[in-house]
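Numbering-wise (the working numbering), the sequence shown opens with residue 4 and increments by one.
Hint data in this document are derived by calculation from the structure and do not stem from the laboratory.
The reader is advised that the hints may include incorrect statements.
To be verified - Per label pair, the in silico range of CB-to-CB distance: (1) 202 with 66: 17 to 25 angstroms; (2) 166 with 47: 31 to 39 angstroms; (3) 156 with 258: 14 to 22 angstroms; (4) 202 with 13: 43 to 51 angstroms; (5) 186 with 242: 33 to 41 angstroms; (6) 135 with 228: 19 to 27 angstroms.
Backbone N, C-alpha and C fix where the C-beta goes; we use that ideal spot for every residue, glycine too.
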Amino acid sequence: MPHSAQPGRSVSARLLDVLFAFRPGRPQLSLADLTRETGIPHATVHRLTRELVRAGALDRSPDGAFTVGLRLWQLGTLAPLSASLRAVALPFMDDLHTALRQHVQLSVLEGAEAVLVERLSAGRAVDVVSRLGGRLPLHSSGVGKVLLAHADHELLDRILAQDLPAYTGRTVTAPDQLRAQLAECRESGVAVVREETTAGVDSVGTRILDSEGRVVAALSVVVASGSVDLHAVRPALIASGLAVSRRLGWHPSAGVQVTGPSH
């Protein structure tokens, strides 16, 4: 039963259910969509959306569809982690983008996925499935492997215990092989992925650290397979990741907090 269908939920909880129904891939929803997604009665959804539109949290198009409103978007940009990371990382991402003319991505861990909080792309860069605000799998993406390699024991073991989806014929799903890759990533700070999420697309990712040496984000370059020597990209990418980390207060004396597998 959807949370919204549970008795005794407050009005504020139901308002949040309506707002959280919007997500990457579903940026525009009708009243019927919202009713179905939330499990809230149609009349209640109608009332809640009217209130959200009046407050500027939602916009409504002439055909009746709803989208996230400007005021809500402005509020989201104030999230301290993504805002500070983006502000600090963008100059270094811009340098990588200028030099390589490829996709340069910044992601953070949310739940059991990597969330893309910034991306710079060139017009001739390879097509990718991810979009700003979208989510990438931890086991098969460059940023995902970096974040998973440095995740806590509970998440790491939970992911490795799952029946992981193979997005292509090259996706690594065997737990032992994935553990070995993650161990190498913890050692080097870099993850290289070749056509594991999308055929014809490679990526290399590196970690970004805070003042205490915790991995708080991952930076990656995404390229068409075979178009760029990924090993040649590594030094510039690592240098950019360390530069962003320095701006976030990291110093080599803090080291890197590495959890690793619990067994």
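Are residue 186 and residue 242 spaced within 33 to 41 angstroms by their CB atoms?
-> This hint is violated: roughly 23 angstroms between Cβ atoms.
Is the gap between the beta carbons of residue 156 and residue 258 within 14 to 22 angstroms?
-> holds (19 angstroms)
Cβ distance range 31 to 39 angstroms for residue 166 and residue 47, holds or violated | About 38 angstroms separates the Cβ atoms of residue 166 and residue 47, which means 31 to 39 angstroms holds.
Kindly confirm whether 17 to 25 angstroms is satisfied by the beta carbon distance between residue 202 and residue 66.
-> violated (36 angstroms)
Range hint 19 to 27 angstroms (beta carbons of residue 135 and residue 228) holds or violated = holds (23 angstroms)
So the hint says 43 to 51 angstroms: do the beta-carbon atoms of residue 202 and residue 13 match that?
-> holds (46 angstroms)
When each numbered hint is compared with the structure, violations occur for hints 1 and 5.
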